[in-house]
Amino acid sequence: MAWILDHLPRILELSLAHLLLAAPAIAAAFLVAVPIAWAANRVRPLREIVVSGTGLLYAVPSLPLFIVLPIILGTGVRDTLNVIVALTIFGLALMVRSAADALDSVDGGVRLASTAVGYSAALRFFTVELPLAGPALLAGLRVVSVSTISLVSVSAVLGVQSLGSLFTDGFERGIVPSIVAGIAFTAVLALLLDLLLVAAGRLTMPWVKGGRR
Amino acid sequence: MNHVIDAFELLADPDAWGGPGGFGARTLEHLWYTALALLISAVIALPAGLVIGHTGRGRALAVISTGMVRALPTLGLITLAALFLGIGLTAPMIAFVVLAVPSIIAGAYAGVESVNPVTVDAAKAQGMSRWQVLTRVEIPLGLPLIIGGLRNAALQVVATATLAAYVGAGGLGRQLFLGLRTQDYAMMLAASIAVILLAIVLDASFEVTQRLLRRVPGLA
Chain A
1 MAWILDHLPR ILELSLAHLL LAAPAIAAAF LVAVPIAWAA NRVRPLREIV
51 VSGTGLLYAV PSLPLFIVLP IILGTGVRDT LNVIVALTIF GLALMVRSAA
101 DALDSVDGGV RLASTAVGYS AALRFFTVEL PLAGPALLAG LRVVSVSTIS
151 LVSVSAVLGV QSLGSLFTDG FERGIVPSIV AGIAFTAVLA LLLDLLLVAA
201 GRLTMPWVKG GRR
Chain B
1 MNHVIDAFEL LADPDAWGGP GGFGARTLEH LWYTALALLI SAVIALPAGL
51 VIGHTGRGRA LAVISTGMVR ALPTLGLITL AALFLGIGLT APMIAFVVLA
101 VPSIIAGAYA GVESVNPVTV DAAKAQGMSR WQVLTRVEIP LGLPLIIGGL
151 RNAALQVVAT ATLAAYVGAG GLGRQLFLGL RTQDYAMMLA ASIAVILLAI
201 VLDASFEVTQ RLLRRVPGLA
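In order, the protein sequence lines correspond to chains A and B. Just so we're aligned: 199 in my numbering is position 199 of the first sequence, and the numbers increase by one with no gaps anywhere. Just so we're aligned: 72 in my numbering is position 72 of the second sequence, and the numbers increase by one with no gaps anywhere.
Treat the hints with care, as some may be off.
Restraint-style ranges between C-beta atoms, simulated for each label pair [claimed, not checked]:
1. 197/B <-> 49/A: 19 to 25 Å
2. 45/A <-> 8/B: 33 to 39 Å
3. 90/B <-> 107/A: 50 to 56 Å
Just a sample of chain B residues kept apart from chain A, beta carbon distances all over 10 Å, derived [to be verified]:
4. 9
5. 32
6. 35
7. 51
8. 65
9. 123
10. 126
11. 131
12. 140
13. 208
14. 216
Rather than coming from a laboratory, the hints here were simulated on the basis of the structure. Fair warning: this is a prediction, and the values are worked out from it, not measured in the lab. No residue lacks a Cβ here, since even glycine has one placed at the ideal position from N, Cα and C.
Next comes chain A alone, as it looks inside the complex (with noise of 0.2 Å):
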């Protein structure tokens, strides 16, 4: 405890990092998970393919990638752009099936009332589609941020900064403290993204009751 303490600035700072390389690729996966969702529910047979396909992404173990993307992508290992690059791609993995199914489950009955009264395909979408199947998008972004947040911590080892330079240098110094607050911190870190998450729903989609998913 005295050590966290003793060295609660950098572990802010670290906090920070952390949070930098996370809510980009949180934010990535959810803009771009959505457009490709609505699409392969409305192309029929390329959902499963799509939907299939993505989440083959999950697959690839996270620190091969960080090194793979590089070449693609012409940025150095340690660029941060890489890193947030390689979240995304798995934000997406676990995003675009559960946008997928929160889209799919809105009912055909309103879809097709709001068509008779007049509504266009994209006034639709957003006043329509997009609020009903909020609290399941929603759920969805909660599992992609958590697992996001643990996954940053991968990047230490190849010299990002993060909370999870405090498990290389914990573990290269021998200082136990110090994995101890990383994986505290990561923990909090989460918690607090995921309940900001949940404030955000509760605020844009108030007519959702507690209680109720």
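Model the placement of chain B on the given structure of chain A, informed by the hints.
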């Protein structure tokens, strides 16, 4: 693009595959770690998951532990275990088992729970004992999900086994970290490609197994 060509040349070079520290031996080591971790985890997790699914007790605990493991940084777990247990295979093996057990438990109880309750009632009405209901009805019908749990666990372990080389264990991660420490990008790349291929082949073989099982009469 030169690195890519170098990496593939390395993978095509028989000399790089032979020998005790070559790609061949490291791949086998990687697979051996995965198989051993999966076996230990299954011995612990399958009975637990089946009991949870059959009795419905302890379900909340299983759900929470699965969620917690998702949030647990694998690198932290491995380095922490390594500091306490020293360099070698014991520390990573403990980390593998901790990561694999919740997936297998989740698959097992979801498999048993997915069986239609009417079918279970019918089996009881025929006079089957609880043991018979579990082994002849619930396990065969829930098999695809039970294997799905093993599949998730296997992928988790293959990925984590790469990190195990960081704390002194073997496997394909050895080549990867060797390349990292000697600034040999081609070597890192070759090892990464090998791990990715291994993971995809493993995932695909589980997919094929699940599909084949679906064709066996009497299984779901």
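Status of the hints after comparison with the structure:
Under the hint 19 to 25 Å, the C-beta atoms of residue 197/B and residue 49/A, about 21 Å apart, fit the expected range. Between residue 45/A and residue 8/B the CB atoms are about 34 Å apart, so this pair conforms to the stated range of 33 to 39 Å. Between residue 90/B and residue 107/A the Cβ separation comes to about 54 Å, which falls inside the hinted range of 50 to 56 Å. Against the 10 Å criterion, residue 9/B stays outside the reach of chain A, whose nearest CB is about 15 Å from its own CB.
Listed as a non-interface residue, residue 32/B keeps its Cβ farther than 10 Å from every Cβ of chain A; the least gap is roughly 17 Å. In this structure residue 35/B is separated from chain A by more than 10 Å, as the shortest Cβ-Cβ distance comes to about 17 Å. Remark: the non-interface label on residue 51/B is consistent with the geometry, its nearest Cβ contact in chain A lying 26 Å away (cut-off 10 Å). No Cβ of chain A comes within 10 Å of the Cβ of residue 65/B; the nearest lies about 14 Å off, and the non-interface call holds.
With a closest Cβ-Cβ approach of about 31 Å to chain A, residue 123/B is found to remain outside the 10 Å limit, as its non-interface label requires. No beta-carbon of chain A comes within 10 Å of the beta-carbon of residue 126/B; the shortest separation is about 37 Å. Once the 10 Å rule is applied to beta carbons, residue 131/B is consistent with being away from chain A; the minimum gap is 36 Å. With a least beta-carbon separation of about 25 Å from chain A, residue 140/B lies farther than 10 Å from that chain, consistent with its non-interface assignment.
The Cβ of residue 208/B lies farther than 10 Å from every Cβ of chain A, with a closest approach of about 14 Å, so its non-interface assignment holds. Chain A leaves residue 216/B outside its interface by the beta-carbon criterion, the shortest separation being 22 Å against a cut-off of 10 Å.
Violation of the numbered hints given earlier is absent; every hint is satisfied by the structure.
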